[in-house]
Every structure is written in structure tokens, then in C-alpha cells.
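Participant: With the hints as extra help, turn the sequences into a complete structure.
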Amino acid sequence: MRRCVLAAVVVVTALLLQVGVVNPLDLPVGQPDLVLLCVVALALVAGPTWGTVVGFAAGLTADVMPPADHALGRLAMAYALVGYAAGLLEDVEERSVVTTVAVVAGASAAVVLLFAGVGALLGDPRVDASSVAHSLAATILYDVILAPFIVPLVSGAARRAEPVTTY
Amino acid sequence: MRDSGRARVVLAVLLLTAFTLITLDYRSGSGGPLRRIANAVFGPVENAVGDVARPIGSFFSGLGHLSSYKSDNAKLRKEVSQLRSQLRLTDAERARLADEEKLLHLDQLAQFRIVAAHVSAVGGSLDFESTATIDVGSRDGITANMTVIDGDGLVGKTLSVGPATSTVLLANDVQFSAGARLEGSQLIGHVDGGGRGPMTFTLLDSQGTIKVGSRLVTFGDIGQKPFVPEVPIGRVTRVVPTPGALTRTAEVAPYVGFDSLDVVGVVVSAPRTIKRDSLLPPTPTPSSPPPSTPPPSTPPPSTSPTSPSPSRTH
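Taken in sequence, the protein lines are chains A and B. Here the first sequence stands for residues 13 to 179, where the numbers follow our numbering. Here the second sequence stands for residues 7 to 320, where the numbers follow our numbering.
No wet-lab data here; the hints were simulated from the structure. Note that the structure is a prediction, hence the values are computed from the model and not measured. Using N, Cα and C, we set each Cβ at its ideal position, and we do this for glycine too. Check each hint, because a few of them may be wrong.
What the hints assert, rightly or not - Ranges between beta-carbon positions, derived for each pair:
(1) A:V109 x B:G219: 29 to 35 angstroms
(2) A:F161 x B:P39: 19 to 25 angstroms
(3) B:Q117 x A:A117: 29 to 35 angstroms
(4) A:A114 x B:T149: 35 to 41 angstroms
(5) A:F161 x B:S144: 35 to 41 angstroms
(6) A:C16 x B:D227: 25 to 31 angstroms
(7) B:L252 x A:A121: 27 to 33 angstroms
(8) A:G118 x B:Q117: 54 to 60 angstroms
Claimed, not checked - Covered stretches of chain B (chain A as the covering partner; in silico rule of three or more C-beta atoms under 8 angstroms from a C-beta of chain A):
(9) 15–22
(10) 125–131
(11) 136–148
(12) 160–169
(13) 182–192
(14) 273–279
Facilitator: Below, the structure is given as C-alpha cells:
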């Protein structure tokens with residue numbers, strides 16, 4: 013229960029910071045994806061079922077939160093799959109910073125490709141080779157830079173919220 | 007590695023839900039009850055976050071200027087540090103005021119009725135979209151498909167509108183398209199956002215010529231929705247060779263800086279006729295190409311940080 017509340021608070025905060033603070037900064041190349049970092053961090057602690065549910069909920073919220081403008085469910089699908097996959101790596105023994113960063117890099121690439129892939133299927137004109145390449149580069153770069161700071165923070169909080177049982 | 011049957015069932019169910027949502031939303035177009043609820047719930051929160059984040063952003067941008075004010079004089083250091091904080095505040099205030107002045111100037115030239123707004127959030131969705139949330143909504147009289155401008159020219163159009171916020175599709179988004187007219191002529195075409203690439207202008211006339219440096223204004227739509235006429239868009243930077251094509255294409259440098267939007271205005275009504283090319287920035291000499299920098303705005307009448315900002319609706 014406490015972990016539920018924690019996950020909701022973390023995800024909504026990440027979404028608001030993303031659109032309200034990070035995106036307006038107009039960083040070179042592109043932006044980090046804070047929500048992805050939080051979904052991965054929570055999934056790594058709580059396992060695949062949790063990862064899937066948190067990813068889906070976070071993605072759906074990102075889909076409807078203004079000023080998003082794409083078919084509802086696209087981010088929900090992408091984050092749910094990534095949450096599941098990251099959850100499978102739960103308790104990878106001796107999880108080092110390098111492992112975490114590698115998982116985040118993989119997850120960033122997967123989210124961009126899944127989001128763009130469904131967009132391409134729907135004929136979204138925003139998806140083309142150059143925009144996908146740009147998004148991949150920016151998301152992986154910034155997420156990898158931020159992962160050593162954000163993932164332990166969120167994972168630690170999630171672990172403390174439910175110290176014994178893991179689903 | 008841990009995998010249970012339950013996780014896979016949950017994943018399957020949620021993926022199916024996501025695909026159903028995608029299909030339903032794709033068929034019905036943008037909108038739907040979920041988005042309307044999200045607009046009402048998250049809109050005010052985004053406004054609050056924007057209000058907090060904006061001064062922080064101008065603080066960081068102000069830091070760049072501060073170094074030039076540094077003095078080595080140890081005696082003056084204390085005084086300087088006090089002045090510094092004041093300068094920071096007035097810098098941000100001054101920039102805001104200048105933005106609002108410019109907007110009002112353009113607004114008065116055209117006799118538009120506008121509702122002034124601040125950008126409270128910027129979209130991205132993994133960097134594919136170019137959208138923004140502004141802090142005015144249906145309670146301020148905003149509806150979908152209205153022209154959004156700032157002091158330099160065309161910013162975009164409104165998409166979905168919540169009670170306190172509206173989503174704006176910025177003119178550099180790939181999905182953006184607006185009717186446009188070449189300055190001083192009857193030649194019309196459409197301007198399209200280019201995403202990461204340049205904005206383009208397509209002239210719907212294979213005989214017409216486009217010159218580098220020509221300026222573009224909106225053509226205006228029937229009923230002035232989504233676009234009112236005569237709003238400056240940008241100027242032509244390169245003519246793309248399209249031999250044999252029925253249309254002609256050029257690259258356009260927009261007047262508006264989409265990465266540093268702050269004060270914008272939503273045009274709620276426009277006069278039936280606006281004098282042609284009257285809203286374009288003045289050219290120094292008719293023969294030389296117009297300057298790449300926007301024209302100098304009139305200095306703010308007062309530099310006091312407590313000077314009142316213009317009223318929202320007028």
C-alpha cells in the first residue's frame with residue numbers, strides 16, 4: 013500500500029518536472045526522460061508485475077497530461093513493456109552502477125523505439141529516421157547521465173516503503 | 007531472473023488495453039473524456055509548477071550576465087552582491103515587460119482582441135512533439151483552433167482546451183500547417199513546421215517566384231479559424247529547387263523563437279479587414295534584405311520591478 017502511494021507520488025512528480033521544468037530548459041540535443049528513470053527504478057526493486065502496472069499507469073498519465081498530443085496508449089504500451097523487462101532483472105545479484113546504467117540505456121532505447129514504432133504504424137508524420145535518431149541519442153545520453161543519481165534514490169525509497177515482501 | 011505466470015498475464019492484459027486505447031483514440035481523433043479530465047486535473051497544477059519554475063529559469067539565465075558585473079574591489083563587494091540580486095530581478099522583469107510590450111504593440115496594430123498568457127509547460131513526448139501548455143483556458147474564452155501569437159509573430163494554434171489551460175501546437179511541429187501569403191503579392195501557399203528540420207513554405211503556383219528574404223504572413227482561414235490573416239510568420243532563407251514540380255518550395259526562418267517562449271497571446275477575435283502587410287516588422291531600406299534580428303522593441307516605460315503588468319484581456 014505504502015509502495016503504491018510512493019509510486020504514484022514519484023511518477024506524478026516526475027511527469028510534472030518533465031513538462032514544467034526540464035522541457036522548457038531547452039537542453040542541447042534533447043531531454044532526459046525522468047518518467048522512464050522512475051519506472052525502471054521502481055521495477056528493479058519490485059519485480060515484473062509491479063513494473064508492468066507502474067509502467068502502464070505512468071505511460072497512460074503521460075499520454076493524457078497536457079500538452080501531450082498523440083494517440084492515447086502509445087506511451088502506456090511502451091512503458092508497460094519496459095517496466096516488465098526491467099522487473100525481470102529484479103535483484104540481479106550485486107547490482108552495480110554499471111548494471112543500472114546499462115539497464116537504463118537499454119530501457120531508453122526500447123521506449124523510444126516502441127513509441128516511434130507504434131507511431132509509424134499509425135502513420136504519425138512526426139516519426140521519421142532523423143527524429144527517431146535524435147530522440148534515441150538525447151534520451152539515452154541524458155538518462156545515462158541521470159541514472160546514477162535518480163535510480164538509487166527512487167529504488168531506495170521504494171525498498172524502505174516495503175522492506176520485507178516483494179511481489 | 008524472476009518470472010511468474012502472473013506477471014505475464016498482467017502484461018498481456020495491459021498491452022491489450024493499451025492497444026484498444028490506441029485504436030479507439032486513433033479512430034475518434036484527439037480528445038476523449040480521459041484527456042478532458044486530465045486537462046482539468048493537471049492543468050492548474052502545471053500552471054502552479056510553471057509559476058514556480060519560471061523565476062528559477064530566469065535566475066539561471068541571469069547568472070550568465072552576472073559575471074560581467076563582478077568587481078574586484080573588495081570594499082564594493084558587499085554592495086555589488088546586493089545590487090546583483092536586484093539586477094537579477096529587474097533583468098527578468100524587464101524581459102517580461104519587453105515581451106508584453108511587443109505583444110501589445112502587434113495587437114494594437116491589428117486591432118486583434120487577444121488574451122495574454124504565459125507558457126506554463128512544454129511538451130515533448132520523447133522529443134517528438136512541439137507543443138506547450140498556456141495558462142488560459144475555456145474560462146478565459148479560449149476555444150480550440152485559435153491563433154496564438156507573440157510580439158514577433160505566429161506561435162501556433164490551440165488544440166485541446168481545459169478550464170484553466172490550453173494546449174498549443176507550435177508552428178515548428180511537423181503536424182503544423184497554415185495558409186500563408188508572400189509579402190506584397192497575391193501569391194499563396196502553405197507553411198509547414200519541420201520538427202528538427204527547417205520550416206518550409208510551399209507556393210501553390212508553378213509560375214510564381216520566391217526570393218530569398220521575402221517575408222510571409224498568414225493568409226487567414228474562413229471564419230478566421232484556426233488562423234487570422236496578416237500575422238507575420240518568417241522570411242525565406244533558401245529556395246529549394248524543384249524542377250518540373252507543380253508547386254515551389256522554400257525554407258523559412260520563423261520570427262518567433264520557439265525555444266524561449268514566455269508571454270504569448272491568443273487571438274479571440276480579429277477585425278474583418280486588416281491592411282495588407284501592415285503587421286510586418288519595418289524594413290530599414292527596401293532594397294536590402296531585412297535584418298535577421300527582430301526589430302528593436304520600444305524600451306519599457308519603467309524599470310521598476312513593481313510596475314504593473316498589462317491586464318489580461320483588453
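Participant: All hints are to be evaluated individually against the structure, with a verdict given for each.
Facilitator: Cross-check of the supplied hints:
1. A:V109 x B:G219: 29 to 35 angstroms: 54 angstroms, violated
2. A:F161 x B:P39: 19 to 25 angstroms: 38 angstroms, violated
3. B:Q117 x A:A117: 29 to 35 angstroms: About 54 angstroms separates the Cβ atoms of Q117 (chain B) and A117 (chain A), which means 29 to 35 angstroms is violated.
4. A:A114 x B:T149: 35 to 41 angstroms: The hint (35 to 41 angstroms, Cβ to Cβ) is violated, given that A114 (chain A) and T149 (chain B) are roughly 48 angstroms apart.
5. A:F161 x B:S144: 35 to 41 angstroms: Check passed, 40 angstroms falls within 35 to 41 angstroms.
6. A:C16 x B:D227: 25 to 31 angstroms: With a Cβ separation near 48 angstroms, C16 (chain A) and D227 (chain B) fall outside 25 to 31 angstroms, so the hint is violated.
7. B:L252 x A:A121: 27 to 33 angstroms: Given range 27 to 33 angstroms: violated, Cβ gap about 41 angstroms.
8. A:G118 x B:Q117: 54 to 60 angstroms: 56 angstroms, holds
9. 15–22: Holds: 4 residues of the stretch 15–22 of chain B have a Cβ under 8 angstroms from chain A.
10. 125–131: holds (count 7)
11. 136–148: Since three or more residues must qualify, the claim that chain A covers the stretch 136–148 of chain B holds, with 3 doing so at under 8 angstroms.
12. 160–169: holds (count 3)
13. 182–192: violated (count 0)
14. 273–279: With 0 residues close enough to chain A, the hint is violated.
When held up to the earlier numbered hints, the structure conflicts with 1, 2, 3, 4, 6, 7, 13, 14 and fits the remainder.
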